[in-house]
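Undergrad: Listed in order, the protein sequences are those of chains C and F.
Position 257 of the first sequence, counted from 1, bears residue number 257 in the working numbering, the numbering being contiguous throughout.
Position 234 of the second sequence, counted from 1, bears residue number 518 in the working numbering, the numbering being contiguous throughout.
Hints were generated in silico from the structure; no laboratory data involved.
Among the hints, erroneous ones may be present.
[To be verified] Derived EDC-like pairs: lysine to aspartate or glutamate, alpha-carbon spacing no greater than 20 angstroms straight-line:
id, chain 1, residue 1, chain 2, residue 2
1, F, 432, C, 25
2, F, 412, C, 31
3, F, 634, F, 587
4, F, 595, F, 623
5, C, 24, C, 13
6, C, 46, F, 359
7, F, 494, F, 438
8, C, 46, F, 447
9, F, 425, C, 25
10, C, 117, C, 25
11, F, 392, C, 254
12, F, 494, F, 359
13, C, 117, F, 350
14, F, 626, F, 598
15, F, 451, C, 25
16, C, 192, F, 312
17, F, 392, C, 13
18, C, 117, F, 472
19, F, 412, C, 40
20, F, 390, C, 31
21, F, 494, F, 434
22, F, 659, F, 564
23, F, 633, F, 623
24, C, 225, C, 254
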Amino acid sequence: MQIEKENWSLVIEPNEKWWNLRLKEIWSYRELVLIFVRRDIVAVYKQTILGPLWFFLAPIFTVIAYNFVFGSIAGMSTDGIPGPVFYLSGTTLWGYFSTCFTATSNTFTDNAAIFGKVYFPRMIAPIATVVSTLFKFGVQLLMFFSLLAYYMIFTDANIEITKWAWLFPLLVVMMGGLALGVGIILSALTTKYRDLKNFIGFGVTLLMYVSPVIYPVSAVPDSYKWFVKFNPISPIIEAFRLGFTGVGTVDAIDLVYSGAFISVVLLIGIILFHRVERTFMDTV
Amino acid sequence: MSDTIISVENLSKQYRLGMVGSGTLREDLLGWWYRVRGKEDPYLKIGDTNTRDTKGNSDYVWALKDVNFDVKQGEVLGIIGKNGAGKSTLLKLLSRVTAPTTGTIKAKGRIASLLEVGTGFHPELTGKENIYLNGSIMGMKRAEITSKLDEIIDFAGVERYIDTPVKRYSSGMYVRLAFAVAAHLEPEILIVDEVLSVGDAEFQKKAIGKMEDVSAGQGRTVLFVSHNMKAVSAMCSRTILMQDGNIAFNGNTDEAIEKYLGVSEENWDLLHYSGKPETDSHSGIHLTEVHILNKPIIKTTQEVLVEVTLKFSESHDMFHLNLFVLTADGINLFQASTETFKTAPNTSKKIVFRIPSNLLNSNQYKTSFNFVLNKSKTIHASRETLRFAIVEDLNNHDLLWYGRTPGLLSVKIPAEIISI
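Let's have the full structure, built from the sequences with the hints guiding it.
TA: This is the structure we're talking about:
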């Protein structure tokens with residue numbers, strides 16, 4: 001019997017140990033991630049005339065509005081760099097986070113039809129979302145760099161690119177990882193009880209106001225600084241600004257803290273997600 | 285035992301009925317609290333068997349309860365049962381769409397299911413893109429799909445449309461493409477659920493041929509779930525009959541089908557193989573009993589024997605009995621009459637009508653009777669006395685068509701082929 005037991009390639013049991021994260025299985029499905037990513041990108045822009053141009057419109061209007069409200073009316077600090085550059089750097093990175101977060105937090109409800117019919121590691125869906133959102137992010141990043149180049153070449157604005165810019169890929173991975181982690185935690189919690197779903201919409205907005213998107217950390221009064229620094233998003237945005245505009249309030253410790261925070265969130269997310277994915281079809 | 289490819293042990297699945305609300309949270313927390321303390325979840329102890337039509341006492345039902353079976357390599361296993369018997373739940377557990385409440389499933393190799401074909405098809409993507417998408421979802425590698433692409437397109441017969449978004453496909457094309465991908469998946473275990481209900485006869489033939497190929501030619505295992513008894517009978521070497529979340533029968537396919545037809549034909553409870561008595565007190569003629577002698581099921585290739593018992597309390601010189609056979613919706617198909625005979629008080633007679641084989645098609649029928657005196661005067665016309673059903677003879681595979689033979693009658697009509 002012992003010998004035969006080892007021959008089973010698949011054993012389905014009611015409960016799995018919580019530490020079994022099945023990362024190997026997810027890795028073996030990596031091709032599916034790419035195909036989902038391709039589907040997301042291709043399908044969204046079929047039969048639209050402007051296509052990815054829509055990616056530009058939202059941030060352009062956002063930046064114009066921020067520049068007017070927070071810059072001109074409220075007169076908030078932009079760390080001495082031109083308003084458009086400052087706001088666009090914030091919204092580009094923040095936009096990636098909020099898009100990923102909102103999409104992954106709906107993983108189960110959005111994919112109920114497909115999850116209900118066939119098995120593949122459910123984690124593939126949110127991972128693919130985070131990856132395919134990179135495309136939109138890339139397009140917006142291009143816009144940011146164009147704006148940056150314009151200000152550097154045609155104006156005498158005080159902008160410089162520092163060596164922190166090398167950290168850029170890491171910052172994107174951190175941002176994506178955080179969005180994935182928080183998103184799957186919420187998706188796991190909302191499958192049965194939908195209450196939290198009501199929170200997601202304004203939760204994202206609230207989170208933006210405690211992140212240095214429309215203000216720099218340097219402008220935060222000292223008594224509140226701990227609060228903004230506790231937010232793992234702050235070091236990421238500040239490091240990005242430090243890299244590409246030369247101004248930012250961040251040091252290595254902040255980034256390490258942020259990375260540790262994200263790892264823990266991601267781990268909790270994966271554990272919760274695995275608990276839910278096995279039977280969510282019964283409750284969705 | 286080494287060729288056992290699936291082993292299902294004590295498999296159960298509990299569902300909670302009704303709404304998810306604050307009560308659910310309370311029960312979840314209580315259940316969790318019991319488990320934390322290492323005790324058994326009290327909510328797993330309760331639960332009714334899954335019978336739809338009776339009102340249960342509990343909000344929990346067992347869609348499957350302690351199911352055990354093995355499947356051998358290369359076997360085509362039929363799974364039949366009426367709606368709600370647990371077939372779909374079983375398939376969901378096998379295909380890992382949801383996890384069991386208790387018990388284990390062990391399998392060797394890849395399980396692919398056609399629970400619903402075309403899973404993940406995106407309407408905006410072209411046929412080809414969807415082949416890759418669907419194939420990958422089902423666990424195929426990209427290279428594997430590429431090597432089979434031409435075969436898949438050919439099998440589906442949609443070559444012309446392969447670069448068109450599938451939202452422009454007809455439903456038939458859509459299903460064929462979807463089935464084609466799944467059929468070329470080459471899993472060790474293929475689960476097929478009611479694919480035959482879609483597609484035309486030509487496609488059915490193709491699909492069944494492919495499934496036979498897969499099991500006989502390549503030694504793969506197929507689990508075939510269907511309400512189409514003809515197809516089950518033609519394909520499956522062994523069949524499991526599910527009833528109320530349990531396995532009611534596991535063995536020979538023909539036996540399983542007979543048992544199934546014996547218990548669960550739609551509206552079976554409306555059928556009365558023994559009819560109601562009829563009395564005409566004025567003439568003293570009593571129809572005390574009427575039975576169909578064939579049991580439990582009547583096949584199209586069998587004679588139908590209708591036995592009537594008559595009791596007389598008065599004498600008549602010329603009496604005869606007419607039998608009418610009507611379709612379920614009341615079309616009179618034919619009349620059968622006895623000879624005229626004399627009746628004497630306090631006598632009884634038994635009459636057997638023999639409705640020939642290969643006459644009535646698979647359908648539901650009802651009968652009624654007339655009492656006639658002097659060959660002319662109908663003194664009593666009974667209403668519907670009994671209802672019976674005839675089922676197709678599954679061993680009669682003249683046609684490679686898995687649907688019901690059409691028509692009110694199933695008569696063998698000779699046809700000559702003359703060369704000119």
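Undergrad: Given the hinted pair residue 595(F) and residue 623(F), is their alpha-carbon gap at most 20 angstroms?
TA: At roughly 17 angstroms apart (the allowed maximum being 20 angstroms), residue 623(F) and residue 595(F) satisfy the hint.
Undergrad: For residue 117(C) and residue 350(F), compute the direct alpha-carbon distance and say whether it is at most 20 angstroms.
TA: 24 angstroms, violated
Undergrad: Can the restraint linking residue 46(C) and residue 359(F) be considered satisfied, given a maximum Cα separation of 20 angstroms?
TA: 45 angstroms, violated
Undergrad: Sort out whether residue 31(C) lies within 20 angstroms of residue 390(F), counting only the CA atoms.
TA: This hinted pair is violated, its Cα atoms lying about 26 angstroms apart.
Undergrad: Holds or violated: residue 117(C) with residue 472(F), Cα cutoff 20 angstroms?
TA: 18 angstroms, holds
Undergrad: Holds or violated: residue 192(C) with residue 312(F), Cα cutoff 20 angstroms?
TA: 11 angstroms, holds
Undergrad: Given the hinted pair residue 633(F) and residue 623(F), is their Cα-Cα distance within 20 angstroms?
TA: 13 angstroms, holds
Undergrad: Does residue 24(C) pair with residue 13(C) here, judged by a C-alpha cut-off of 20 angstroms?
TA: 19 angstroms, holds
Undergrad: Check whether the Cα positions of residue 494(F) and residue 359(F) lie no farther apart than 20 angstroms.
TA: 15 angstroms, holds
Undergrad: Holds or violated: residue 117(C) and residue 25(C), Cα atoms, limit 20 angstroms.
TA: 19 angstroms, holds
Undergrad: Is residue 225(C) close enough to residue 254(C), meaning Cα to Cα at most 20 angstroms?
TA: Cα-Cα ~13 angstroms, so holds.
Undergrad: Checking one constraint from the list: CA of residue 451(F) to CA of residue 25(C), max 20 angstroms. Satisfied?
TA: 32 angstroms, violated
Of the numbered hints listed earlier, those contradicted by the structure are 1, 6, 11, 13, 15 and 20.
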